[in-house]
Structures are given as C-alpha cells and as structure tokens.
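Put the two chains together into one complex; each comes in its own frame, and the hints tell you how they fit.
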Amino acid sequence: MLNFLVRRTVGAILVIIAVTFIVFVIFIVVPGGDPAQRIAGKNATQQNIVNIRHDWGFDRPFYVQYYKMMQKMFSGSLVSYTSQQNVLDQIKLGLPATFSLAIGASIIWLFFGIAVGVVSAIKAGKLSDRAITVLALIGVSMPVFWLGIVTRYYLAEGGLTSIFPDGEYVALTTDPLQWFWHLVLPWCCLAVLFIGFYSRVLRGNILDTSNEDYVRTAKAKGLTPNRIMRKHVLRLSLIPIITLFGLDFAAVLGGGAILTETVFDLHGVGQYAYQSINNFDLPPIMAVTLYGAMFIVVFSVLVDIFYAYLDPRIRPT
Amino acid sequence: MAERLLEVKGLKVQFATVDGTVKAVDGVSFELERGKVLGIVGESGSGKSVTAMTLMGLTRDVNSRFEGEVVYKGKDLLQVSDTEMQQYRGAEMGMIFQDPMTSLNPVYRIGEQIVEAIRTHEKIDKRAAKNRAVELLRQVGIPNPEMRVDDFPHQFSGGMRQRAMIAIALSCNPDVLIADEPTTALDVTIQAQIIELIDRLKDDFNSAVILITHDLGVVADVADEIIVMYAGNVVERAATRDLFYDPQMPYTWGLLGSIPRLDRPRPERLHSITGSPPSLINLPQGCAFRPRCPHAFDRCTQRPPLENHVDPPSHLDRCWLDVEYKRAHRGDTIAGGKPEAA
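If you're matching them up, the sequences are chains A and B in order. With the first sequence counted from 1, adding 12 to any position gets you this note's numbering. With the second sequence counted from 1, adding 2 to any position gets you this note's numbering.
Hints listed in this document are in silico derivations from the structure and should not be mistaken for laboratory results. Don't take each hint at face value.
Computed footprint of chain A on chain B; a stretch qualifies when at least three of its residues, placed anywhere within it, have a C-beta under 8 Å from a C-beta of chain A [said to hold, decoys possible]: (1) 117-124; (2) 153-167; (3) 248-256.
Built from N, CA and C at the ideal position, the CB exists for glycine as well.
Same shape as in the complex, but just chain B (with noise of 0.2 Å):
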C-alpha cells in the first residue's frame, strides 16, 4: 500500500464575520497517498477552495475557527504555530492558484520569484537556486528556459505564468501538491496541457495532487478519487469511475448533466442546476441541497449521513432516496432530458 501522506478527519472552518458565521467547511474527511490524484468538485461557495487553503495553513486568522484534524505525515497540522507552518508551506505543500495573471508579484523577475522559493527553505547559493529554477522551467515546459528565466510576468503569456506558478510551487519537492482551480483563468487548448503537466509532474516529482475545480471534465482523466463538495459538506465521495458511472448524489448528476459531451445524443441545451448555492450563515436545514433538488421528499428534511449505499464500500454518499429509484431517474439530468436505461 502506497504511502499516506495526508489525513484530513472531520475538517470545519468557519469564519466570523459581521453578519454571522460562515461555516465555510463543514466537516470534510478523506485521505491521500503518495503517488494519487484527489479532485475535489463543487460550485463556488461550496468550501473546496477554504479545505484546500485551510490545508496550507493559509486561512489561519484571528476570525477563523478550525475543528477536526489535518494529519500530515503523523503530525496535526491544524495545531501546529504559524512559524511551524512556514516550514511546511511550500516546502512540503505547494500551492497553485487560479489566477495566473495576478499570483506573480509584477515587480520580481520570474528566476526571483523561484529562487525565493528555493531559498525560503533551502541553504544553498543564489547561483545554485537559479540554475535549479532554470531546470524547474524546462520541466514544466517553458521554452528557453535560459533566457526567459529573466523575465518578468507582464512578458509572459497566461498559461506560461501557470507553468511558472506551477515551477514555484514545486521548487522545493514537495511531497502534496494543491491545485486551485489552476485551469479555470486559462484557454481551452492550454487547459488540457496544464492538467497534463500537472499529472505527469506528479510521478516525476513522486508526489500526491489535490485538484480542485468546478468542473468535473476536468479531473475526469486524471483524478483518482472524487469528492463532491456542496455548501461545505461532502456529498459523495467516490472512485472516479464509480463517480461517473453510478453517481448517487442528485447534485453529482446536475454537474455531470452540465459537461457537454459528444458520447451522447446532443440535448436541446445543457443541464444547468436551478437556483444557487445557500447562504453558509444560514444553511437550509437537513439536506443542504434540498432547496434545489428534483427529488426531495419528506425524509430530506433530516441531514443525511455520509454513507456507503451501493457497491463497493468506497463509495459514499450523502443522500436518502433509494438507489433503484435513482438509478431509473438520473438520467434525465445527466443525459440532459433522454431517459437512460438503468
């Protein structure tokens, strides 16, 4: 069995703020080994982003609350000091982020920006750091790395700057990976390259991924293990192959009802989910997707536990209605409208 390199058990995060408390994270557990590909799934709002920030240590604040545990190679990262956890940060998870165009500083060269990274954790020279960040940059496929490691982010292209937060964020070997939507700011054709750099870096680097995205066409490909996160809760968990052949969760077939696929026949126009994420200060009671769900009855004003229904036993969802009746109804949604047989 692979090694396990992060445990996340329980995970809440909430925020205070002026008009209440935002349960941001509203329990989230799994677990990731060396060598995997976690994607985590969800509108906006739904808590992906916050997990995966709160696993850097970086939504530590004085309005913060955090409950659970994040188990890093044995250690509760959720406990450590702040100055502790600069010497994880980076060194032992690197983070990319959505946004190329804005995560580079403008002001520092792209070699800077590396060798700063380096550094931060590394004794080792200036001149050392830069041949490495040169190296880094040939690796995730910068063209010219020589020269092009003097330059600074305004000269680089959008997906050039991904390539070069993605050399950043691997800079020092480390051993999880967190992806944050890193594709959504970035061209369709570029999109593909980067979530492949990305997995194939993963076994050149001999280290584990978290994807988060919105888009389940993302991670389809790459992601072994899928969590679907809604209103800070996780609402099924799966195999990425059991996700998308057996999806249990009603608000798992709204987003795959929303990729457009070529596999089937092509619907009048894509499956959009009605209505929008609840408040986090003031989530519906029971099943936070109720509101929204085609087929909710009585028993969905409970909150349904986290629960494995159908085969195999990794296969967990959170959601009361019975598996031969989602089997027969589901797809509506996700065919967009043509009845599937079950």
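So here's chain A without its partners, still in its complex pose (with noise of 0.2 Å):
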C-alpha cells in the first residue's frame, strides 16, 4: 500500500508538471500572446512595452519564466496580467460555487445515471429501453450550454415562466434555501449530459455481466432475480461507473464545468478560467488548470483504491 501511493505520488507530480508546462508553451507559442502589451494597455509606448516585458520578466527565456511562475504560484503570490489581483483568492472565491455545483449534479447524474441504466438493462429490448435509449442519446448530444440557455428562457426569471431564479450564486450560508433554488437549474442541466452518458455504459455492462457464467451459478443457486441483479450483476457492472465518476466529478470540481458555471453565472472557478481565458491571462489560466489537474490526479488515485475494494482480484498481495 504505502509503496502504492508513493509510485502514485511521484506520478502525480510528474503529470502536474507536465500539464502546466505544456499550457505554458502553448500560451507562449500562439500568436498574439505577447503579455507585456496587454498590461501596457492601448496608448501605451514602446518603451513603456519594453520596460514591462522587462519588469515582469518577459524577456528572459521560457523555461526561467516557467520556473518563476510555478515558483510564484506556490508561494501564493501570483498575480493576474490584467486585473493584478491574486489568482489564488480569486480561486478560493470561486471554490464554494464551483464545490456547490460538482457535489449537487454528481449526485444527481449517479443516482439517475445508475437507476435508468439499471431499468433499461432489465427491460432491455422493449419499449420502455427503447424510450429510453432515445432520451439518452438526446440527453448525451444537447450542448450544455444550448440547454442551459433554453432552460433559463423556459424556466428561470425574466423567462417565460420565472419558476427559478436566473443564475448567480447564493452562498450556502447566507441562505440555505435560496443557495438550493438557485443551483437546481445548474444542476440539472449538468447532470443531464452524464445521466444519459452512465446510463448507457451501465445498461450494456449489465447485459455483458448477466451472460457470465456466475450469474448463471446465482441462478442455479435458487436466488430471487433481485438478489442476483444486486449481488452478482450489479457490483461488477458499476466497476467501469466508478472509473467515469471519480474523473468526471473530478473534473467538474477542478472548474471543468465551464459553460455551465457561465451560462448560470455562478462565478465559480470555471466561470474564472473562461474569463481569464478570454483575456489571455496566463497566470489565472495556469493556476486553474493546475487546481484543475491536482484533483484529477488525485481521484484517479482514489478511483483505484475503491477498483481494489471493490475486485479482490486486483488487490495486492
């Protein structure tokens, strides 16, 4: 176990590493990335340019900028170009909405995601499947943020109905219920994409689990169909879920719900990388996907500690 997590830790580190590094070249190499000059702002001189590009660094070479920057980073000083506000408050604003958003969808798009796969594997080939298969598809193919613009035109205030509030957040402790009405849209409109997404993964693990020769042991045990469904299909069948799940609400914590948290502008971190992305603001867009990139790695690790849990065959020995 303990060798386990170390190789896994010195993994992580290299990935984080490389992940950054690779964001950073990428911004260096595309054009009109040249930081200096957005900082100098528009009438700005080309002495005024150089002076900047040689105050922040600019032009020293790429690898030493990284170096300072990653430096920067985990001291907790690294400032914005544009705003020159510290990146990490801005992130750590951004964490109750972001956090607010992951947990509520994740746990609606698992249990529905689980729940529907699980019908339709059982009514596999009728109607009901059927009907359902088509929901999915269209669950999996709408644009989240088509969906969630229809919704709020359809659902929230200043739309047709005004059955919800139109986006923001409303921290959880300043107004419980308010914090709850106004994430329901959000939420939904998240969790639809995975929900159709699990369901059709877990529907066809179900129907490869049910032909393997156990089950056929469980049936000729004399178990209720339930019971075999539960036990003997069901466990192994959600093996491949759990994999999807740790990285998909890992990303989703990480602020990978960009278009969700922008189109319900709940100012979370994702809303922050679309913003500073839309800036070319190097520093903010290399700390996002760092944050983003730690829980990545992070449940990827924590995905193969339940894998073992939940296979003995994978344990070590």
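In structure tokens:
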C-alpha cells in the first residue's frame, strides 16, 4: 500500500509538471500572446512595453519564466496580468460555487444514471428500453450551453415562467434555501449529459455481466432475480462507472464545468477560467489548470483504491 | 426398487432466434432413481446441456418453448412458476458447470458463495452456515478448509474451484446433482479425481447424479445408465455395460472409437466421425445422423423410432440397420480399422 502511494504520488507530480508546462508553452507559442502589450494597455509607447517586459521578466528564456511562475504559484503570490489581483484568492472565491455545483450535480447524475441504466437493462429490448435509449441519446447530444440557455428562457426569472431564479450563486451560509433554489437549474443541466452517458454504459455492462457463468451459478443456487441483480450483476457492472464518475466528478470540482458556470453566472472556478482565457491572462489559466489537474490526479488514485475494494483480484497480495 | 426421483417424458425445447426455430432438444425421455448415475453423452450441440439446464429451469426465457414433462417427485417442473422454481434450484437440484474458472463470482469469498446458497434455502444464522461451508469444503477435499473458506476464487486452482462448485451444489443436500461437463476444463489427472469425488458424494448425500459429457471414457466407470444424444435426439440408451459391449447405433460406435484404449491393438490414428453435427434449425430428413453415417441406406430417409432390438429390453436405439449386420461391421469403427469378430 505504501509502495503504491509513493509510486502514485511521484507519478502525480510528474503529471502536474507536464500539464502546466504544456499549457505554458502553448500560451507562448500562440499568436497575440505577448502579455506585456496587454499589461501596458492600448496607448502605451514602445518604451513602456519594453520596460514592462523587463520588469515582469518576459525577456527571460521561457523555462526561466515557467520556473518563476511556478515558484510564485506555490508561494501564493501569483497575480493576474490584467487585473493584478492575486490568483489564488480569486480561485478561493470561486470554490464554494464550484463545489456546490459539482457535489449537487454529481449526486443527481450518479443516482439517475444508475437507476436509468438498471431499468433499461432489465427492460432490454422492450419499448421502455427503446424510449430510454432515445432520451439518453438526446441527453448526450444536447450541448450544455444550449440546454442552459433554453432552460433559462423557459423556467428562469425573466423568462416565460419565472419558476426559478436566473443564475447567480447564493452562499449556503447566507441562505440555504436560496442556495438550493439557485442551483436547481445548473445542477440539472450539468447532470443531463452524464445521466445519458452513464446509463448507456451501465446498461451495456449489465447485459454483458448477465451472460457471465457465475450469474448462471447464482441462478442455479435458486437466488431471486432481485438478489442476482444486486449482488452478482450490479457489483461488477459498476466498476467501469466508478472510473467514469471519479474522473468526471474531479473534472467538475476542478472547474471543468466552464459552460454551466458561465451560462448560469455562478462565479465559480470554471467561470474564472473562462474569463481568464478570454483575457489571454496566463497566471490564472496556469493556476486553474494546476488546480484541476490536482483533482484529476487525486481522484484517479481514489478510483484505483476503490477498484481494489470492489474487485479482490487486483488487490496487492 | 429405489425411489424414482425424476422422470422426463418427451421433453422438447425450442428457441426462437432470428434465423429460425432451433430445435435444441427434440423428444428426450429418461428416468432417474435415487443412488443412480445417469450419463448423457454427445457432441457439442447435441442438446445435452440444454436438457440439463431445462431440468433446472435455466433455459426459461421469452424465446423458449417447452413440450413434454419433467416430473420431479410427482410434480411437473415445466408447469411451476418462476418463483416456485427458485425453491427447487439449489435445494432439490444442484448443478455444476463446465468451466470452474468462470463459474464462481470473482468478487466474493468462496465461503460467502457457499453460505449464500445455504441461506437462500434455509433459515440458519451466518455462523452456522459458515461452519457448514467449512465442513462442505472438507468433504469435497479442500485441504485446510478453515483457512481456505475465506479465500477468493482466484486464489484457488482449477480443480479446487470445481471442488468448491461441487460444495455449493451440494450445500443444501439436493436429491439430484447435475454435472454438466464437470471435467472438460480440467487437467486429465484432476478429471478422474473429480469424477470419483462426485461418485462418492452421491452416496454420502444419498442423491442421484446426471453426468453430462462428450467423453464416453469419463462416464464408463461411474454411470449406471447412459443416454447417447445426437442433434437433440436420444439415439441410444442402455445400461453402461450393454452400451459398451453391444453398441447398436453407428454414432455410438464413433464415440467409442474415439476413446484411446490400451486393451486393443493400437490403430494408426484415433477414429474420428467425419463431418459435423447438423444445423438444429434445419435438420436432415429421417435419421439425423444419416449424412455422416457410413452405413446409411434407403430406409434412413425415414426417421427411425427409439426401439429395442437386442437383449436386454432396456437397451433402446434409433437405427434401421439389421442387428447382425451391425455386429459384423461395428468393429471397424470401434477398433479403428481392425475388424473384430462379432
């Protein structure tokens, strides 16, 4: 176990370095990436730009710049090029909204993804299964930004029915009821895609597992269909879902729900990333990337540990 | 006379598929008495496994159709509901499958899988059930069962897993044990041990056994009676001794000829039956074995009935050939080229 953790930690650090480095290099390579001009503003003289370039260290080799930026990142003093605000503080401001969105939506999509998957597997080939298949494909194909705008138009304040408030995040500590009410639409919009996808994957897994010899053994023991499904089919069918969920949940926690956060104006980490990319603002982009990569890396370790719990064959002996 | 546990009468099983109706089993009848071993022998696709699974109700499906009767202790199992059938499975009839590597659930401990079977049918607390699981593992010859009961299937060898499967099948003391090719996936050395074990446990548990195999050699020592199946039909049925010494059906000769034997002059090569079994969707007219039978003649285009032609009267076969002709010619096939005096 210790060996496993050490190995994974080393791997994780390498992944994070690689990811941030790639983002950094992309930023340097793409045209229009010169931050000095942006910092200097529209009416800057050539001398201003040269000064800024020197003061901020943009004239140093790119690997030195990368190193300096990572140094600032980990000392917590990294600031944005455009607003000069501390990047870490900005991310911290976005955390409550992002976490609320991720946790709520993931509960919805995991619950309904599994429920819909099980139902359509049990009803495989019947009309209800086909109806679910069509709905799932529609769910998977609908872009989140489109779905978000449509639901806002029909259901949110200022739209046709005004049932729900129109976007924005209310802190849980301020007003739990309003927190919940404001998040219903974002949760559902974000969850729809995952429900469609998870239910399709789970349906296939259940049908495959149902043909396994040990399921036949379970039948031969005289178990009820219900128990066979719960104890023998579902447990192994859920293993791939766990992987998907771990990584998807990590991505949303890590600010990956950029579209949802932006459409509903939640001011989470994802929306911060969106604004930073719009402004060509490297420090926050780097910070959000690092922040997201950390969640992915940590959750992939958690997934592996949970895997071993579910399947004894891959436990270290 | 021993108690008659099971009586199968004219069992037919058909599956509707996209390609047409598969006649997997087409009129199988036999009886099974307590303490007896019935061997069902045939190639892949002969319907032997489907017959066995049907006895357990494992072929029930929207696309399956059944005819005939499967009378177990006076009750026709083809007529009972799915829920009622669950009470027969495991408790009254236990089943062992071909591949022990995949027949156990990889994520549960061996003990848990035995306990699950016990507690499905008996009101008994976990502790007592586990003790019984240990005892069962001891009976099927697992060394150090107190420790091994907590192992996962992947920690068992193939032979041990099949022993564990036998323990599961016997856990509720069933009256009928169905073993579907229990040794096919195992090493030859382990095969004999498993067959011996099944034979011994049959007496310990006072039950009857249906032993399904494609290898006549496997059932030779333990079966009391043997049914030879071909393309869903019973083509020969006799006491084991009669079947080996006076086989009536050319298909049976082929099976006998394909067993390597030390008590006969060694043939150049083992006999093999030419051709392959017919499609169960589109069976040949008349005798199903006709296209592969070297002795086929005009009359074989009509389907022969399962009848007695030789002594004793319990020996039945499905063949038009004259008994004396058969006795004169079968040696070629059985001994692999060297004619044998009738």
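Verification of the hints:
Counting residues of the segment 117-124 of chain B whose C-beta lies closer than 8 Å to any C-beta of chain A gives 4; at least three are required, and the coverage claim holds. Only residues whose beta carbon comes within less than 8 Å of a beta carbon in chain A count, and the segment 153-167 of chain B has 3; three or more means the coverage holds. Check result for the segment 248-256 of chain B against chain A: violated, 0 residues qualifying (beta carbon to beta carbon below 8 Å, three or more required).
When the structure is compared with the earlier hints, a violation turns up for hint 3 alone.
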